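Taking the hints into account, I'd like the entire structure generated from these sequences.
There are 2 protein chains.
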Amino acid sequence: MKIIVDAFGGDHAPLEVLKGCSMAQQEYGVSCVLCGDEDKIRKCAQENSISIEGMEILHAPNVIPVEEDPTTLLKEYADSSMAVGLKTLKEGKGDAFVSAGSTGALVVGASLIVKRMKGVRRVGLATVIPNANGFYLLMDAGANAECRPEMLAQFGVMGSVYLKQLKGVQNPRVGLINIGAEETKGLELQLETYQLLQKAPVNFVGNVEARGLPLGECDVAVADGFTGNVVLKLTEGMGKFFSTELKQMFMSGFKTKMGALLVKSGLDDFKKKMDYKEHGGAPLLGASCPVIKAHGSSDARAFKNAIRQAKEYVENDVITQMQTSLSALKEQTNE
Amino acid sequence: MKIIVDAFGGDHAPLEVLKGCSMAQQEYGVSCVLCGDEDKIRKCAQENSISIEGMEILHAPNVIPVEEDPTTLLKEYADSSMAVGLKTLKEGKGDAFVSAGSTGALVVGASLIVKRMKGVRRVGLATVIPNANGFYLLMDAGANAECRPEMLAQFGVMGSVYLKQLKGVQNPRVGLINIGAEETKGLELQLETYQLLQKAPVNFVGNVEARGLPLGECDVAVADGFTGNVVLKLTEGMGKFFSTELKQMFMSGFKTKMGALLVKSGLDDFKKKMDYKEHGGAPLLGASCPVIKAHGSSDARAFKNAIRQAKEYVENDVITQMQTSLSALKEQTNE
Numbered sequence: 162m163k164i165i166v167d168a169f170g171g172d173h174a175p176l177e178v179l180k181g182c183s184m185a186q187q188e189y190g191v192s193c194v195l196c197g198d199e200d201k202i203r204k205c206a207q208e209n210s211i212s213i214e215g216m217e218i219l220h221a222p223n224v225i226p227v228e229e230d231p232t233t234l235l236k237e238y239a240d241s242s243m244a245v246g247l248k249t250l251k252e253g254k255g256d257a258f259v260s261a262g263s264t265g266a267l268v269v270g271a272s273l274i275v276k277r278m279k280g281v282r283r284v285g286l287a288t289v290i291p292n293a294n295g296f297y298l299l300m301d302a303g304a305n306a307e308c309r310p311e312m313l314a315q316f317g318v319m320g321s322v323y324l325k326q327l328k329g330v331q332n333p334r335v336g337l338i339n340i341g342a343e344e345t346k347g348l349e350l351q352l353e354t355y356q357l358l359q360k361a362p363v364n365f366v367g368n369v370e371a372r373g374l375p376l377g378e379c380d381v382a383v384a385d386g387f388t389g390n391v392v393l394k395l396t397e398g399m400g401k402f403f404s405t406e407l408k409q410m411f412m413s414g415f416k417t418k419m420g421a422l423l424v425k426s427g428l429d430d431f432k433k434k435m436d437y438k439e440h441g442g443a444p445l446l447g448a449s450c451p452v453i454k455a456h457g458s459s460d461a462r463a464f465k466n467a468i469r470q471a472k473e474y475v476e477n478d479v480i481t482q483m484q485t486s487l488s489a490l491k492e493q494t495n496e
Numbered sequence: 162m163k164i165i166v167d168a169f170g171g172d173h174a175p176l177e178v179l180k181g182c183s184m185a186q187q188e189y190g191v192s193c194v195l196c197g198d199e200d201k202i203r204k205c206a207q208e209n210s211i212s213i214e215g216m217e218i219l220h221a222p223n224v225i226p227v228e229e230d231p232t233t234l235l236k237e238y239a240d241s242s243m244a245v246g247l248k249t250l251k252e253g254k255g256d257a258f259v260s261a262g263s264t265g266a267l268v269v270g271a272s273l274i275v276k277r278m279k280g281v282r283r284v285g286l287a288t289v290i291p292n293a294n295g296f297y298l299l300m301d302a303g304a305n306a307e308c309r310p311e312m313l314a315q316f317g318v319m320g321s322v323y324l325k326q327l328k329g330v331q332n333p334r335v336g337l338i339n340i341g342a343e344e345t346k347g348l349e350l351q352l353e354t355y356q357l358l359q360k361a362p363v364n365f366v367g368n369v370e371a372r373g374l375p376l377g378e379c380d381v382a383v384a385d386g387f388t389g390n391v392v393l394k395l396t397e398g399m400g401k402f403f404s405t406e407l408k409q410m411f412m413s414g415f416k417t418k419m420g421a422l423l424v425k426s427g428l429d430d431f432k433k434k435m436d437y438k439e440h441g442g443a444p445l446l447g448a449s450c451p452v453i454k455a456h457g458s459s460d461a462r463a464f465k466n467a468i469r470q471a472k473e474y475v476e477n478d479v480i481t482q483m484q485t486s487l488s489a490l491k492e493q494t495n496e
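Sequence order for the protein chains is A and B. Heads up: the first sequence begins at 162 in the working numbering, then just goes up one per residue. Heads up: the second sequence begins at 162 in the working numbering, then just goes up one per residue.
Please keep in mind that the hints were generated in silico from the structure rather than gathered at the bench. Here the structure is a predicted model, which is why all the values come from computation and not from measurement. Take these hints with a grain of salt, some might be off.
As the list claims (entries may be wrong) - With a straight-line Cα cutoff of 25 Å, these simulated BS3-like cross-link-like pairs (lysine-lysine) come out:
no.	chain 1	residue 1	chain 2	residue 2
1	B	LYS433	B	LYS418
2	A	LYS279	A	LYS472
3	B	LYS472	B	LYS248
4	B	LYS434	A	LYS418
5	B	LYS491	A	LYS433
6	B	LYS254	B	LYS201
7	B	LYS346	A	LYS401
8	B	LYS416	B	LYS401
9	B	LYS432	A	LYS432
10	A	LYS418	B	LYS433
11	B	LYS491	B	LYS360
12	B	LYS201	B	LYS236
13	B	LYS432	A	LYS433
14	B	LYS346	A	LYS236
Given below as structure tokens:
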């Protein structure tokens with residue numbers, strides 16, 4: 162299996178990307194295809210003694226900056242590592258694409274270079290978030306600030322298939338993020354989406370208030386990208402806030418430092434549980450080929466896990482399964 | 162000063178309400194006016210040996226249920242403890258009103274019985290949330306699911322005045338909750354609100370991503386009620402999630418239990434910091450008289466603090482100050 166990787170995406174590129182690819186090739190038996198400036202890739206590998214043996218390199222001289230208008234990926238940055246990787250994926254010269262570069266550009270590229278699956282209205286960003294139940298899948302985590310009910314219904318269906326096929330969650334509970342549990346709560350968007358999800362081929366558990374997300378009230382949390390992005394970032398911020406407060410508490414004196422030693426293994430377990438790097442990246446569900454967005458601050462391990470995830474995405478034939486479920490959704494809702 | 166209190170609002174009414182009023186009368190030298198079924202109030206006070214001496218009782222035989230359509234407050238539930246209290250406030254027979262009853266009904270009552278301040282488009286729920294900086298004020302926390310930019314600009318102005326007058330925050334940093342820091346981020350609502358807040362008589366610090374809220378990036382966080390409600394409830398849920406995980410960690414064995422003892426005072430401090438009960442209730446800013454929503458699960462201490470807050474609201478003449486700032490907003494934005 163060939164996983165195409167954007168060697169120049171993310172805060173620690175290309176070093177951590179190359180390390181992650183090298184680890185993934187060894188552990189998972191995949192072949193990595195590196196996109197980016199060939200000289201720089203070879204130099205970085207050599208200087209850091211990273212084996213890139215068996216990896217193909219697709220030369221792409223440019224890198225699209227995170228702050229750049231995402232649509233420039235199609236023209237000004239058509240020679241960037243991300244654009245070249247996506248084109249290669251579309252041409253069938255690889256099975257999946259992983260990038261830690263600009264989210265906006267990757268959404269544009271997944272939609273317009275790789276193209277959407279048949280009938281899919283929008284590509285959505287599906288992010289796994291740790292919670293009391295282990296984790297839940299948030300979709301859309303920020304690809305589409307403005308959404309229509311039909312898009313949200315498709316997000317629910319695609320997220321459900323993804324969790325089942327890739328994470329082994331049986332009959333995932335799909336919830337709609339809303340400001341109350343009752344069917345009559347929310348704006349027009351939530352009211353209409355509720356009706357569609359009731360008819361959809363998923364285990365719809367109704368509206369879920371944001372309070373229930375960390376407490377594990379659903380497995381797939383459906384939202385427009387604005388709300389989803391607020392949920393994702395607030396969760397990150399709360400995690401940071403709590404861990405800083407805890408650290409201060411433990412470091413405040415001799416007694417508390419002793420206390421910290423006694424609970425260290427528990428703290429480490431919790432830290433691991435909250436670590437996004439374990440879960441790989443966020444797939445762009447709805448694209449016609451597997452595209453995975455790795456976290457911008459990914460290190461080698463996070464890249465390795467994102468590549469493992471891409472491999473599983475292909476192996477489990479998630480896209481065919483999604484297509485089947487989306488057809489059922491269409492029939493059942495006449496949309 | 163007379164504080165009118167809904168004796169039948171909240172999960173622990175009337176017992177905890179009466180206790181809270183009794184404590185508040187002693188500590189703050191206010192007079193409480195109790196609204197609700199007179200017999201039940203007297204019986205509860207007697208059975209629990211709570212002194213209600215010096216408290217006026219306004220008989221109201223009914224209670225509006227939390228799950229009831231909020232607008233029924235105006236007709237079917239016009240004889241409820243909440244409706245009677247709000248009418249009494251409007252008639253000038255008291256200085257402020259405190260209720261832990263239905264939020265929706267209280268918003269309807271504050272808008273249509275007490276009425277809005279001149280020029281105010283919507284009454285908003287302003288909630289104090291603990292964060293790394295101490296706390297921030299979220300407005301609107303859920304009174305208006307759908308908002309116009311002019312409403313959000315007014316929320317920013319009112320929230321800023323409230324924090325300055327009541328919490329002594331000098332020059333509060335007002336931020337707009339958005340999905341990116343750049344001026345061009347967000348939906349139409351955020352784009353237009355950004356322009357209005359730039360001209361408003363507040364210390365506008367621009368867009369704030371949800372990640373920055375617990376980390377203390379602003380003092381007043383402005384949002385529509387849908388987004389605000391998601392922020393409020395996710396914050397609650399994350400707090401619950403973390404505290405449960407921490408407890409499990411500390412209780413998992415002998416060693417960790419010893420560890421817990423060593424950090425106990427730190428844990429207690431943190432718990433206190435995160436405790437909403439310390440901050441009283443959420444004022445409905447924009448109403449022409451002070452109306453405070455206490456948390457549904459309020460105990461005596463929470464009611465006492467909400468009454469203290471109502472007293473400070475009156476003493477600091479927050480409403481006159483808001484009116485002045487709102488006039489300035491109108492002039493500066495031509496809205």
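Consistency of the hints with the structure:
1. Proposed proximity of LYS433 of chain B and LYS418 of chain B is supported: the alpha carbons are some 21 Å apart, at most 25 Å.
2. Distance check on the hinted pair: LYS279 of chain A and LYS472 of chain A sit about 22 Å apart at the alpha-carbon level, within 25 Å; holds.
3. For the hint linking LYS472 of chain B to LYS248 of chain B, the alpha-carbon distance of about 19 Å falls within 25 Å, and the restraint holds.
4. Between LYS434 of chain B and LYS418 of chain A the alpha-carbon distance is near 21 Å, which keeps this suggested pair within the 25 Å criterion.
5. Restraint check for LYS491 of chain B and LYS433 of chain A: not satisfied, since their Cα atoms lie roughly 51 Å apart, outside the 25 Å limit.
6. Between LYS254 of chain B and LYS201 of chain B the alpha-carbon distance is near 23 Å, which keeps this suggested pair within the 25 Å criterion.
7. Of the pairs offered as hints, the one joining LYS346 of chain B and LYS401 of chain A holds, with about 24 Å between alpha carbons and a cut-off of 25 Å not exceeded.
8. Between LYS416 of chain B and LYS401 of chain B the alpha-carbon distance is near 24 Å, which keeps this suggested pair within the 25 Å criterion.
9. Of the supplied pair hints, the one linking LYS432 of chain B and LYS432 of chain A holds, its CA atoms being roughly 20 Å apart against a limit of 25 Å.
10. The straight-line distance between the Cα atoms of LYS418 of chain A and LYS433 of chain B is roughly 21 Å, inside the 25 Å bound, and the hint therefore holds.
11. At most 25 Å may separate the alpha-carbon atoms for a hinted pair to count; LYS491 of chain B and LYS360 of chain B meet this at roughly 10 Å.
12. At most 25 Å may separate the alpha-carbon atoms for a hinted pair to count; LYS201 of chain B and LYS236 of chain B meet this at roughly 23 Å.
13. Our distance criterion of 25 Å between C-alpha atoms is met by LYS432 of chain B and LYS433 of chain A, whose separation comes to about 23 Å.
14. Taking the CA atoms of LYS346 of chain B and LYS236 of chain A, the gap is about 22 Å. The hint holds against a cut of 25 Å.
Taken one by one, the earlier hints fail for this structure only at number 5.
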